[in-house]
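Chain by chain, the residues:
There are 2 protein chains.
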Amino acid sequence: MKVDDKNLRPIWLDENLKTIKVIDQRLLPHEFIIVDLNNVDDVIMAIKDMYVRGAPLIGVTAAYGVYLAALNCPDNQTANGFLTKECDRIKSARPTAVNLAWAVDKVFSKIKKAKDRQEKIDAALKEACSIEEKEVENCRKIGEYGLALIDEISSKKKGETVNVLTHCNAGWLACVEYGTATAPIYAAFEADIDIHVWVDETRPLNQGSRLTAWELGKHGVKHTVITDNAGGHLMQHGMVDMVIVGTDRTTYTGDVANKIGTYLKALAARDNNIPFYTALPSSTFDWNLKDGIKEIPIEERDPDEVRFVQGLDHKIVRNVLVPPENSPAANFAFDVTPARLVTGFITERGVCKAAEADILRLFPEKRV
Amino acid sequence: MKVDDKNLRPIWLDENLKTIKVIDQRLLPHEFIIVDLNNVDDVIMAIKDMYVRGAPLIGVTAAYGVYLAALNCPDNQTANGFLTKECDRIKSARPTAVNLAWAVDKVFSKIKKAKDRQEKIDAALKEACSIEEKEVENCRKIGEYGLALIDEISSKKKGETVNVLTHCNAGWLACVEYGTATAPIYAAFEADIDIHVWVDETRPLNQGSRLTAWELGKHGVKHTVITDNAGGHLMQHGMVDMVIVGTDRTTYTGDVANKIGTYLKALAARDNNIPFYTALPSSTFDWNLKDGIKEIPIEERDPDEVRFVQGLDHKIVRNVLVPPENSPAANFAFDVTPARLVTGFITERGVCKAAEADILRLFPEKRV
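Those protein sequences? They're chains A and B, same order as listed.
In terms of numbering that gives the first Met the number 0, the first sequence has 40 at position 41, counting the first letter as 1, and numbering is strictly consecutive.
In terms of numbering that gives the first Met the number 0, the second sequence has 318 at position 319, counting the first letter as 1, and numbering is strictly consecutive.
Isolated chain A (complex conformation) (with noise of 0.2 Å):
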């Protein structure tokens, strides 16, 4: 997506093909920094530590870790055992997103077999990029779908701004382009409907205030930063037209597992009639789980993300403490809304309920 009219994605594959280079998101929007990751380790800290994040991107960035065990690896007899220790690595740095363990089972499958190393490796680079380039044909399409809702809106408004509020960020950022709840709002923006974007800020981490308002900032879509508890009271007051949000791992029945807060929003739109949207990748869904809150395993994070507040202050960026130096905080990083409270899904094949039967007649080959 375009930043200063710049094409920019947040990873790619360095020319010399041995570094994967990513956004460190940790530092946005203050800073804009590159960092390279050149084996495992280097990706699975850029996945705990949040450099990267976002359930599509640690996906291929996940990818993008297996090709790099591949570079690395032993060319004898335990080079699978080396590669399968490998995945697993990776596939722990971070519990809720079901793409993670997604992306690095569909990279193995393709190398197992290979022959030799080169041929691994080939096979590894090759499986990572169709990874990205498919989940970016995705979001294109996601962003499709979702512009007929957002347009459906606009023509009942009669060309009102329509508004649209989403927690977190599932932006290009947290995708490779477009997005996923961003997706159908680039989309509208770019087919000129007047569109407005309230920007939940995300505690703890910010993702909202620090990357969906610079997203949508540098791309030129109108927006406005909220605080997370805001919400209900502009739903309330009909400063809300829809609701779109991403996820880390939504169950084949429809539970979604987002960013803390999330289900807050879901009940505020429930409790005033407002659309709420989940835009989802196929990547996303995980096909073995029924029951959201009691199956979906969600990250307790550090404390120190509750405690203190990332940003600047005279053109240093700083971490300031906020409660009492003493005082315990909790840090639940994902919560999960239950079906029942979602009224559809954007996904790459188009728009469906949150229930089982009307996902498969959307994805048929997972039926069992």
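If you are wondering where the hints come from, they were derived from the structure by calculation, not from laboratory data.
Even glycine gets a Cβ: it sits at the ideal position worked out from N, Cα and C.
Please note that the accuracy of each hint is not assured.
Stated by the list, open to error - Label pairs and their in silico Cβ distance ranges:
| no. | chain 1 | residue 1 | chain 2 | residue 2 | range |
| --- | --- | --- | --- | --- | --- |
| 1 | A | Ile-315 | B | Glu-159 | 24 to 32 Å |
| 2 | B | Lys-125 | A | Asp-193 | 39 to 47 Å |
| 3 | B | Val-367 | A | Asp-191 | 38 to 46 Å |
| 4 | B | Asn-325 | A | Asn-6 | 20 to 28 Å |
| 5 | B | Asp-193 | A | Asn-71 | 48 to 56 Å |
| 6 | B | Ala-329 | A | Gly-80 | 50 to 58 Å |
| 7 | B | Glu-30 | A | Asp-191 | 18 to 26 Å |
| 8 | A | Met-44 | B | Lys-5 | 41 to 49 Å |
| 9 | B | Lys-47 | A | Lys-365 | 52 to 60 Å |
| 10 | B | Asn-271 | A | Lys-365 | 28 to 36 Å |
| 11 | B | Cys-128 | A | Lys-157 | 54 to 62 Å |
| 12 | A | Lys-156 | B | Asn-325 | 23 to 31 Å |
| 13 | A | Lys-221 | B | Glu-189 | 46 to 54 Å |
| 14 | B | Asn-325 | A | Ala-147 | 26 to 34 Å |
We have chain A; now place chain B onto it with these hints.
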């Protein structure tokens, strides 16, 4: 209440009887500064800029503001004209808390008939002190009635920890002693009930993580700071037994205006069958308003309160900018929780349902 073994209130009259002393709550927990209020302008600034906040404390501060106006009042025929203007200025400092106008009118009604300057001063001081002590007594009783509710949960849980979630600061810092939402918590603590408080940080101004956590910590009450996004997840997983919040204005029909985000917690409590209580002295009821969502004025404050976060960095309190410099922000300070989501009110006269008939059962003198 106790702070490092010293008894403290957030407001008191100096020995010279000419100065009101208040804790500057904008700087807690990292700096503890006492500020002098010497005239009506100081009082308005302290209320508007939130040196003092919380409906009962705003009321008490405003009452002392009328006393300061009386001290500066000319002793002639225009005295009541002067005082009316000063009272109007104080009343317009903030729009949402009903205690502000209530307290100002109460003091003014006592002084307008006084014969001369000294009599007005004496009457104003007497009434302001009386309002202060009445709020203390009200909060003590709220604690008593709320304790019974917590005790019941503790018995059902056979003495296991009772987990209370609260939003913003409705503690003694927002009142004078005990607090409203915290009064039952302090009472339970004193009664040796095993109690733990989930403290919503309460963006944008973080009154939860800055003030409630500080209060509870100084008193020795177990607590954990969480993001405003986390409460729904905790409730889904059985980690919250009860929600208690304060309010800035509550209609006689039971609609509750409170810090922005309260409505979202009420929705989550209802969705998970968790009791949701509002603790309030009768001074916070607005006996004239019927429909809270339509009629209670919601203050929109400076967007910089959303854009900047205050905290400690290397022993210096700093304000750091979180979103991109040029991203707009909006700052709605309160929302309204409809009566249908409120389990009950804890008042100085007992517990009642959030419904006109039951509220008037406790306050029959308000029947028209």
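**Prompt:** Do the beta carbons of Glu-30(B) and Asp-191(A) sit within 18 to 26 Å of each other?
**Reply:** For Asp-191(A) against Glu-30(B), whose Cβ atoms are near 51 Å apart, the range 18 to 26 Å is violated.
Margin query: Taking 48 to 56 Å as the stated bounds, is the beta-carbon spacing between Asp-193(B) and Asn-71(A) within them?
Written below: holds (53 Å)
- Message: Holds or violated: the 52 to 60 Å window for the beta-carbon distance between Lys-47(B) and Lys-365(A)?
- Response: holds (58 Å)
Original post:
Is 54 to 62 Å right for how far apart the beta carbons of Cys-128(B) and Lys-157(A) are?
Top reply: At 59 Å between Cβs, range holds.
TODO: Kindly confirm whether 28 to 36 Å is satisfied by the beta carbon distance between Asn-271(B) and Lys-365(A).
DONE: holds (31 Å)
* Regarding Val-367(B) and Asp-191(A), is the given constraint of 38 to 46 Å on their beta-carbon distance met? -> The hint (38 to 46 Å, Cβ to Cβ) is violated, given that Val-367(B) and Asp-191(A) are roughly 55 Å apart.
Given a hint of 24 to 32 Å, does the C-beta separation of Ile-315(A) and Glu-159(B) actually sit inside it? For Glu-159(B) against Ile-315(A), whose Cβ atoms are near 47 Å apart, the range 24 to 32 Å is violated.
key: Supplied distance hint 39 to 47 Å, evaluated on CB atoms of Lys-125(B) and Asp-193(A)   = violated (59 Å)
Holds or violated: 41 to 49 Å for the Cβ distance of Met-44(A) and Lys-5(B)?
For Met-44(A) and Lys-5(B) the Cβ distance comes to about 47 Å; the hint holds.
Cβ separation of Asn-325(B) and Asn-6(A), checked against the hinted range 20 to 28 Å: holds (22 Å)
>> Range first: 26 to 34 Å. Now tell me if the beta carbons of Asn-325(B) and Ala-147(A) are that far apart.
In response: holds (31 Å)
Worksheet item: Does the Cβ distance between Lys-221(A) and Glu-189(B) fall inside 46 to 54 Å?
Response: holds (53 Å)
Hint violations for this structure: numbers 1, 2, 3 and 7, all remaining hints satisfied.
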